[in-house]
Amino acid sequence: MMENTVMLLITVPILFSLLFLVLGKSLYKILAWAFFIFGTVFSVLLVMDGTGRFEITGSNFAMIENVVLILEVLVILFIFFVSAKYKNWPTLGLAVIVAAISAYSYMNVAAIESASFNIDQFSQVMVLIVNIVGTAIILFATGYMDEYEEHRHLNRQKTFYFTMSFFIAAMNGLVMVDTLGWLYLFWELTTLCSFVLISYNMDEEGINNGFRALALNLVGGVSFAIAIIILSTKFNISTLSGIGTEAASAAVVALPVALLCIAGFAKSAQMPFHSWLLGAMVAPTPVSALLHSSTMVNAGVYIIVKLVPAYANTSLGTAIAVYGSFTFVMCSALALSQRNAKRVLAYSTIANLGLIIASAGIGTPLAVAAAIMLILFHAISKALLFLCTGEIEHTIGSRDIEDMSGLIKKAPLLTILAALGMVSMLLPPFGVLLTKWVSMQAASQNPIVIVFLVLGSALTTVYYAKWLGTIMSSTMDKNVVTHKKPETYFPLSFLGSAIVVTSILVFAIYDYFIRPQVETLLNAAPVISGQAGQFASEIGAFAYAAIFVVLALALLIYVATKNMFTPRKSSYYMCGENNLEMDRLMFRNGLCSYDKSNVSNIYLENTFGESKLTTIGYAISIILIVIALAGGVL
Amino acid sequence: MNVNDILTAVLVLIGAPIIGCLAAGIDRKLTARLQGRVGPPLLQPYYDVKKLLSKDNMIVNESQNLYVVVYVAFMILSLLMLVFKADILMIIFVYTISSIALIVGGMSTGSPYARIGSSREIMAILSYEPVLILYALAIYLVTGTFKLSAVLDASTPLLMYTPLIFIAMLFVLNIKLKKSPFDYSTSHHAHQELVKGMLTEYSGPGLAGIEIGHFYEYVFLTGLIFVFWTVNPLIGVLISIAAFLLVIVIDNITARVYWQWMLKLSWTLLLAISIVNIAFLYITKPTLV
Numbered sequence: 001m002m003e004n005t006v007m008l009l010i011t012v013p014i015l016f017s018l019l020f021l022v023l024g025k026s027l028y029k030i031l032a033w034a035f036f037i038f039g040t041v042f043s044v045l046l047v048m049d050g051t052g053r054f055e056i057t058g059s060n061f062a063m064i065e066n067v068v069l070i071l072e073v074l075v076i077l078f079i080f081f082v083s084a085k086y087k088n089w090p091t092l093g094l095a096v097i098v099a100a101i102s103a104y105s106y107m108n109v110a111a112i113e114s115a116s117f118n119i120d121q122f123s124q125v126m127v128l129i130v131n132i133v134g135t136a137i138i139l140f141a142t143g144y145m146d147e148y149e150e151h152r153h154l155n156r157q158k159t160f161y162f163t164m165s166f167f168i169a170a171m172n173g174l175v176m177v178d179t180l181g182w183l184y185l186f187w188e189l190t191t192l193c194s195f196v197l198i199s200y201n202m203d204e205e206g207i208n209n210g211f212r213a214l215a216l217n218l219v220g221g222v223s224f225a226i227a228i229i230i231l232s233t234k235f236n237i238s239t240l241s242g243i244g245t246e247a248a249s250a251a252v253v254a255l256p257v258a259l260l261c262i263a264g265f266a267k268s269a270q271m272p273f274h275s276w277l278l279g280a281m282v283a284p285t286p287v288s289a290l291l292h293s294s295t296m297v298n299a300g301v302y303i304i305v306k307l308v309p310a311y312a313n314t315s316l317g318t319a320i321a322v323y324g325s326f327t328f329v330m331c332s333a334l335a336l337s338q339r340n341a342k343r344v345l346a347y348s349t350i351a352n353l354g355l356i357i358a359s360a361g362i363g364t365p366l367a368v369a370a371a372i373m374l375i376l377f378h379a380i381s382k383a384l385l386f387l388c389t390g391e392i393e394h395t396i397g398s399r400d401i402e403d404m405s406g407l408i409k410k411a412p413l414l415t416i417l418a419a420l421g422m423v424s425m426l427l428p429p430f431g432v433l434l435t436k437w438v439s440m441q442a443a444s445q446n447p448i449v450i451v452f453l454v455l456g457s458a459l460t461t462v463y464y465a466k467w468l469g470t471i472m473s474s475t476m477d478k479n480v481v482t483h484k485k486p487e488t489y490f491p492l493s494f495l496g497s498a499i500v501v502t503s504i505l506v507f508a509i510y511d512y513f514i515r516p517q518v519e520t521l522l523n524a525a526p527v528i529s530g531q532a533g534q535f536a537s538e539i540g541a542f543a544y545a546a547i548f549v550v551l552a553l554a555l556l557i558y559v560a561t562k563n564m565f566t567p568r569k570s571s572y573y574m575c576g577e578n579n580l581e582m583d584r585l586m587f588r589n590g591l592c593s594y595d596k597s598n599v600s601n602i603y604l605e606n607t608f609g610e611s612k613l614t615t616i617g618y619a620i621s622i623i624l625i626v627i628a629l630a631g632g633v634l
Numbered sequence: 001m002n003v004n005d006i007l008t009a010v011l012v013l014i015g016a017p018i019i020g021c022l023a024a025g026i027d028r029k030l031t032a033r034l035q036g037r038v039g040p041p042l043l044q045p046y047y048d049v050k051k052l053l054s055k056d057n058m059i060v061n062e063s064q065n066l067y068v069v070v071y072v073a074f075m076i077l078s079l080l081m082l083v084f085k086a087d088i089l090m091i092i093f094v095y096t097i098s099s100i101a102l103i104v105g106g107m108s109t110g111s112p113y114a115r116i117g118s119s120r121e122i123m124a125i126l127s128y129e130p131v132l133i134l135y136a137l138a139i140y141l142v143t144g145t146f147k148l149s150a151v152l153d154a155s156t157p158l159l160m161y162t163p164l165i166f167i168a169m170l171f172v173l174n175i176k177l178k179k180s181p182f183d184y185s186t187s188h189h190a191h192q193e194l195v196k197g198m199l200t201e202y203s204g205p206g207l208a209g210i211e212i213g214h215f216y217e218y219v220f221l222t223g224l225i226f227v228f229w230t231v232n233p234l235i236g237v238l239i240s241i242a243a244f245l246l247v248i249v250i251d252n253i254t255a256r257v258y259w260q261w262m263l264k265l266s267w268t269l270l271l272a273i274s275i276v277n278i279a280f281l282y283i284t285k286p287t288l289v
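Taken in sequence, the protein lines are chains B and E. Per our numbering, the very first residue in the first sequence carries number 1; after that it's consecutive. Per our numbering, the very first residue in the second sequence carries number 1; after that it's consecutive.
The set of hints was computed from the structure by calculation and includes no laboratory data. A hint or two may mislead.
[What the hints assert, rightly or not] Each computed DSSO-like pair below joins lysine-lysine, with the alpha-carbon atoms no more than 30 Å apart:
1) E:29 <-> E:51
2) B:562 <-> E:29
3) B:569 <-> B:484
4) B:569 <-> E:51
5) B:596 <-> B:485
6) E:264 <-> B:612
7) E:85 <-> E:285
8) B:409 <-> B:158
9) B:87 <-> B:29
10) B:409 <-> B:562
11) B:562 <-> E:50
12) B:25 <-> B:234
13) B:596 <-> B:409
14) B:158 <-> B:596
15) B:409 <-> E:55
16) B:29 <-> B:612
17) E:55 <-> E:85
18) B:29 <-> B:484
19) B:569 <-> E:85
20) B:87 <-> B:25
21) B:562 <-> E:55
22) E:29 <-> E:50
23) B:484 <-> B:158
24) B:569 <-> E:55
Predicted model only: the values in this text are computed from it and were never measured.
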């Protein structure tokens with residue numbers, strides 16, 4: 001039963017991608033709805049099938065292994081081809097290295113006789129994210145891409161939907177397979193999908209940024225491939241779950257584990273690899289939402305969390321924790337200085353992935369639970385925020401935060417959904433903050449990590465608060481007409497309600513998925529109880545129910561007392577110099593003509609600007625990685 | 001939850017605004033005396049609120065008073081959690097909700113004065129939030145738990161191990177009470193070049209709500225200071241009162257600074273002394289018993 005679900009989860013998305021290729025544009029909406037329903041149903045089915053592992057052996061295995069080999073060769077050939085075509089020599093050089101390593105491992109590494117899939121609770125969570133959030137994003141795209149292409153005179157939707165669906169297949173494979181060789185193929189396939197989608201616009205900027213993503217992820221891929229070779233030749237380990245359990249002691253496998261972590265850092269766009277994710281923001285918004293915020297970048301942290309048993313409570317783990325928390329604070333500071341909403345979200349994504357890595361590095365049961373939960377909650381919130389930004393861009397024609405003031409008047413529902421997304425990133429009782437709270441409590445053992453987390457969390461509050469305030473402010477500019485399409489507003493509302501529902505059910509989610517998973521990884525479960533609407537650990541309690549109740553009470557009180565004080569509307573205060581004959585919102589200046597008042601947020605570009613921080617960030621993050629590696633070897 | 005808890009909660013709900021109101025009255029009286037005026041009666045803040053509630057509900061948009069309700073509700077919740085000795089980190093997060101509500105409320109009016117005031121208040125968050133969380137961390141380090149009950153059960157005062165964080169918290173008190181030299185987002189004094197900053201568009205019942213919220217906030221913030229010396233509650237209260245009076249005196253003898261100055265002060269001096277204190281706790285590993 002489980003075997004069938006797993007195979008369907010990989011093959012049906014491929015089938016959908018082929019359907020997108022053959023069928024006409026008019027059918028895309030139906031296809032996307034069908035895909036969304038398929039994804040939801042089958043990911044839930046997989047959860048209901050329970051956990052377990054199964055092997056593929058015999059003739060089935062031989063056949064699939066051949067397909068895997070052919071695909072691996074095709075991936076390398078494709079990279080050769082595009083990098084030669086666009087004369088991108090660094091990428092070509094990396095492709096040569098990848099090819100050499102693959103050839104080496106083909107000749108020297110003993111062939112495996114079987115491959116295994118391992119469905120644990122973490123895989124289930126990832127499959128739920130990929131297939132529900134991912135297909136919701138594809139559904140959103142059907143209401144988004146026509147207008148996007150119209151603005152840019154493009155006609156490449158076949159490529160777009162093909163790659164997006166194919167990516168979901170690859171990602172499903174990545175989070176379910178246990179055999180490292182196959183995992184590597186899926187890993188490289190997601191890199192490739194990302195490259196195709198980033199260079200979607202086919203202009204110079206898009207292609208350059210696509211190659212940057214490809215090159216940096218190939219660096220990670222090389223690191224991954226070397227780790228596989230070391231593991232299989234020296235330790236005879238060929239599965240991901242084997243690294244933690246089969247190895248004699250954690251210290252022995254530290255080098256390959258460190259290499260795998262570096263591959264994870266590259267995929268999760270941690271400093272110093274983060275530039276590819278910022279460049280990726282040239283792609284259409286659904287791509288940013290699917291690949292670069294809620295799904296593909298999770299592949300990196302997925303591997304890192306899965307490797308926890310191999311580095312928990314070692315110096316390598318501490319190095320990883322410091323590195324992750326450093327990225328968290330650095331990218332939060334960088335996000336503060338950005339006006340471009342997509343760049344703010346990109347930095348925020350990198351920062352939150354850093355927080356996940358820091359939690360994994362701390363390696364206590366509580367911290368690992370926080371890491372897995374943050375992957376889930378962050379994916380939902382970030383997908384919503386990205387899609388909202390895309391829709392805002394189509395509504396007001398800009399992604400500059402300053403241009404978004406007055407949005408609540410122009411598109412109320414969209415603004416409330418975006419506000420929900422932001423609030424869920426920075427305030428309790430929502431899941432992201434709960435996990436931040438858990439990771440802070442877990443990190444309080446390590447002075448450097450906790451200070452980084454404290455600073456980063458204050459910075460996070462600031463950059464979301466000012467954006468939130470801006471979209472909620474009601475300047476009275478002329479109204480714009482919003483096009484409320486079901487394909488765009490359904491995914492948005494769906495993700496919005498998912499945030500609320502998962503935050504209310506947080507303890508049930510923890511109990512069903514996270515606790516057993518942490519037990520599998522570390523042989524110890526965090527001491528967490530869930531009485532009285534609290535998420536209580538040994539050292540504290542997160543009272544989410546109380547906050548939901550007070551929030552509901554506040555709304556009730558507001559509605560009840562609203563009519564006690566009959567409101568009288570007036571225009572806002574301008575020192576008596578309003579333009580009374582017009583909209584009353586402009587200042588009268590000394591020449592008796594009118595000036596619009598213009599207020600901008602504070603961005604502190606001179607302190608936290610990219611030009612100030614990026615170099616420092618590169619230097620320190622590279623030093624930290626070298627320390628992690630050195631710790632691994634010694 | 002038993003009868004005692006409910007009684008305590010009711011007592012806090014009713015008692016806190018009375019204490020806060022008196023504190024605000026003392027503030028105004030003392031300030032007047034320092035400026036050589038007679039000053040208003042002690043209950044003037046109460047008369048103000050009463051008057052404001054009877055005024056017309058003038059608004060610039062429909063939702064601005066919702067933020068006031070959220071502000072007051074979460075102010076009360078954080079105070080209740082403090083009284084019930086909950087998780088200090090959680091209390092700080094709940095308190096952040098009320099701060100953010102007021103900021104977004106100010107920005108939602110769209111008034112240029114309010115938006116500048118709110119922007120500056122956001123910068124205030126950047127200045128004080130790290131110090132507040134380090135204060136929570138210090139409590140964890142000396143008690144082994146984030147729950148405040150451990151501090152209250154201990155027989156040694158927290159202040160013994162956290163003198164530097166105490167100093168940093170005095171600055172936080174100054175920033176959060178919006179007193180000079182940090183009163184640039186909104187101020188009780190009439191020297192604002194931003195009219196009333198963040199609260200410019202609030203009048204009548206809305207402003208009354210904010211004032212009531214402030215009363216709770218006075219008690220909450222001095223309550224955070226009280227935690228430093230809970231062994232003998234009397235000394236704790238005296239320290240809290242002294243801290244409050246100190247802030248009022250500072251308010252009257254200093255002039256407002258640029259917000260940049262506050263940010264520099266906080267991210268250099270305040271963070272440095274807090275981190276030194278935290279490092280000391282990591283190295284010596286004292287336990288509060």
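Residue 562 of chain B and residue 29 of chain E: Cα distance at most 30 Å? violated, 34 Å
Distance restraint between residue 29 of chain B and residue 612 of chain B, which requires alpha-carbon spacing of 30 Å or less: violated, 45 Å
Distance restraint between residue 569 of chain B and residue 85 of chain E, which requires alpha-carbon spacing of 30 Å or less: The hint is violated at about 43 Å.
Holds or violated: residue 569 of chain B and residue 484 of chain B, Cα atoms, limit 30 Å. Holds - the C-alpha atoms of residue 484 of chain B and residue 569 of chain B are around 29 Å apart, at most 30 Å.
Below or equal to 30 Å on CA atoms is what counts here, so check residue 596 of chain B against residue 409 of chain B. Distance ~18 Å between residue 596 of chain B and residue 409 of chain B Cα, so the pair holds.
Mind checking the alpha carbons of residue 29 of chain E and residue 51 of chain E for me, to see if they're no more than 30 Å apart? holds, 19 Å
Proposed proximity, residue 596 of chain B with residue 158 of chain B (alpha carbon, max 30 Å): Violated - the C-alpha atoms of residue 596 of chain B and residue 158 of chain B are around 46 Å apart, more than 30 Å.
Are residue 87 of chain B and residue 25 of chain B close enough, with their CA atoms no more than 30 Å apart? Answer violated: residue 87 of chain B to residue 25 of chain B is near 33 Å, above 30 Å.
Checking one constraint from the list: CA of residue 569 of chain B to CA of residue 51 of chain E, max 30 Å. Satisfied? Given pair residue 569 of chain B, residue 51 of chain E holds - Cα atoms ~20 Å apart, limit 30 Å.
Between residue 264 of chain E and residue 612 of chain B, is the straight-line Cα distance small enough, at 30 Å or below? Cα-Cα ~16 Å, so holds.
Would you check the hint for residue 87 of chain B and residue 29 of chain B, treating anything up to 30 Å between C-alpha atoms as holding? Given that 30 Å is the threshold and the Cα spacing comes to 37 Å, the pair is violated.
Between the alpha carbons of residue 484 of chain B and residue 158 of chain B, is the straight-line distance 30 Å or under? holds, 24 Å
Of the hints listed earlier, those the structure fails to meet are numbers 2, 5, 8, 9, 12, 14, 16, 17, 19 and 20, in rising order.
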